[in-house]
Amino acid sequence: MGELRLMKGNEVIAEAAIRCGCDGYFGYPITPQSEVMETLMDREPWNETGMVVLQAESEIASIHMVYGAAASGKKVLTSSSSPGISLMAEGISYLAGSELPCLIVNVQRGGPGLGTIQPSQADYFQSTKGGGHGDYRLIVLAPSSVQEMNDFVELGFKLAFKYRNPAMILSDGAIGQMMEKVVLADFIPRLTAEEIDQKYGSWATNGRKPNRKPNIITSLEMDSARMEANNIRFQEKYAKMEAEEVLFEEIQCEDAEYILVAFGSSSRICQKSVDIAREKGIKLGLLRPITLFPFPKKPIAALAKRVKGFLVVEMNAGQMIEDVQLAVRCDVPVVHFGRMGGIIPSPSEVVEALEQKLIGG
Amino acid sequence: MELADIINPKNLVYEKPKLITSTTMHYCPGCSHGVVHNLVAEVIEDLGIQEKTIGVSPVGCAVFAYNYIDIDWQEAAHGRAPAVATGIARTNPDKVVFTYQGDGDLASIGAAEILHACNRGEDMVVIFVNNGIYGMTGGQMAPTTLLGQITATTPNGRDAGRNGYPLKITELIAQLPGTSYVTRQSVQTPGAIRKCKKAIAKAFQAAMDKKGTSFVEVVSTCNMNWKMTPVKANEWMVENMFPFYPPGDLKDGSKNDPLSYTPLKN
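Chains as they are written, first to last, in our numbering: chain Z, 1 to 361; chain W, 1 to 266.
Hints may be right or wrong, so weigh each one.
Said to hold, decoys possible - Which chain Z residues face chain W? A few, computed with CB under 10 Å, are given here: (1) G24; (2) V52; (3) A56; (4) A61; (5) I63; (6) M65; (7) A71; (8) G91; (9) T205; (10) P214; (11) M222; (12) I359.
What the hints assert, rightly or not - With a straight-line cut-off of 27 Å between C-alpha atoms, the simulated DSSO-like cross-links for lysine-lysine are: (13) K298/Z / K272/Z; (14) K199/Z / K52/W; (15) K298/Z / K357/Z; (16) K158/Z / K297/Z; (17) K199/Z / K237/Z; (18) K209/Z / K18/W; (19) K209/Z / K16/W; (20) K213/Z / K18/W; (21) K213/Z / K195/W; (22) K195/W / K18/W; (23) K209/Z / K195/W; (24) K197/W / K209/Z; (25) K8/Z / K272/Z; (26) K16/W / K213/Z; (27) K210/W / K195/W; (28) K209/Z / K210/W; (29) K209/Z / K202/W.
To be clear, the hints were calculated from the coordinates, so they are not data collected in a lab.
We put the beta carbon where it would ideally sit given N, CA and C, even for glycine.
Between the sequences and the hints, there should be enough to build the whole structure, so can you do that?
Structure, rendered in structure tokens:
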């Protein structure tokens, strides 16, 4: 078993990045995620593993630094919070269009605009439906604990490299700022130049070798037929993710008559709501999507065949509910309960909403 | 003497640079980009760094530079080439990284990225082709467009009150301690071309020697969008652009002492 520590979610992102053999981090300060870069700068991983840490002049520059390093086959990440992710949208689209692996951590805060520094889940659409221009998808992982902040760094990189696609950890200010015990991963050494060449030499711009053609990383294709072929290949990749990479957790769903669907910090609150409801005699279960893209459509569709209804609980005005509705296909009612502006709902509020909107309704 | 005696391989003085691919260039006849590409390719060959050079192409006319020089390339988003190059250079300190950018890309949308990359003194080369206009999109005003110059978005000439002033970004770059060698060149005559090649070679050598950012502006023409013949465009450049963007070295860091600092104590 790995080292047990008490840490903040944001600090754990930094520690996990160092431990998983990351080559570089590029970022820009923004609340509530600044501890990621602060922890890295304090840890000085360049002395320990050779990992590069650079404070960029903006989120725009950060994501394009990630692009440059990722395109040379390096394992790199950035982190930010909602307004900063909006600035990164350009670069994220280019990363997806150039099929580059990287990890982006969004510790969400409330919006729109400058909004608030308090936790929110209002970037669900932005993260799962695109965010930048063009038809692309990110692999989106939603941690609900500090432990998962740790675990999803390595998982995110694994999936990003498997599919040559950017992956995102969609966290929020609550998970980023709270302290919990966490079992840290063991150290994995960074790949050597030879290993990178062996694994990614077919595409990485690590210097033109005499035995191969130049590697060119670009998202540009002026020939419409070839650009369509690129798009078809991307879509096949996203379809493969949907077939093979869905992760979710079911809590007390076996005998449930009603189901809460919630991700990230909302799902932590909903665990307590399930207990409260069951004390009241309501057979309530919780389905927690862990991958938001690919979305767990099938388990939700299966539950829809035997439960009376779904309450989707989010810290937004109703975003993931659209995916739940598509999965349920009108078999049973799907209603929403959300708080916004940085307000975190209480477990009993959720149960009240369930009674009013679903059971009583 | 017969023509065949003159046009004979044994009389060949210049040949196509080895690293220039056989792909037909998309540049307009008379464009300066082809010449600058040749010089960059020759310098990479002369320095023997084909296997460790990574180029970053811009958005603009030179977007397809990656099709023409036989090295590894990355195509950056508009203006972001210096950030992309930073990402490569920082995680690949054994590589030689350069960006190739136009004036719209570098001095307008990418002004923040170029200033900060140069200010950090990233060990890289910047080739900045300044023809005072947006070529790819059809001849709109660039930050470097001269006052009075007619473009698609300044049909009556650039007016300082409406459009602001032409930006001498190379002069700004030369102020930054992160840069070592900052120069302004041109390619309108064989002599200018030879000088420009020397400057590009010096810039690459400085980056290889980890002296910080080297910056080579090449004042160029866009005869197509200036609506002139190539010859007339070169004359216009010399008469109008050189007084405002005079060729020559702005900074030669190899003559300067390296910067040093003492960390502040609490």
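| field | Unsatisfied constraints (hint numbers, rising) | value | Numbers 12, 21, 23 - these are the hints that the structure violates, sorted from lowest upward.
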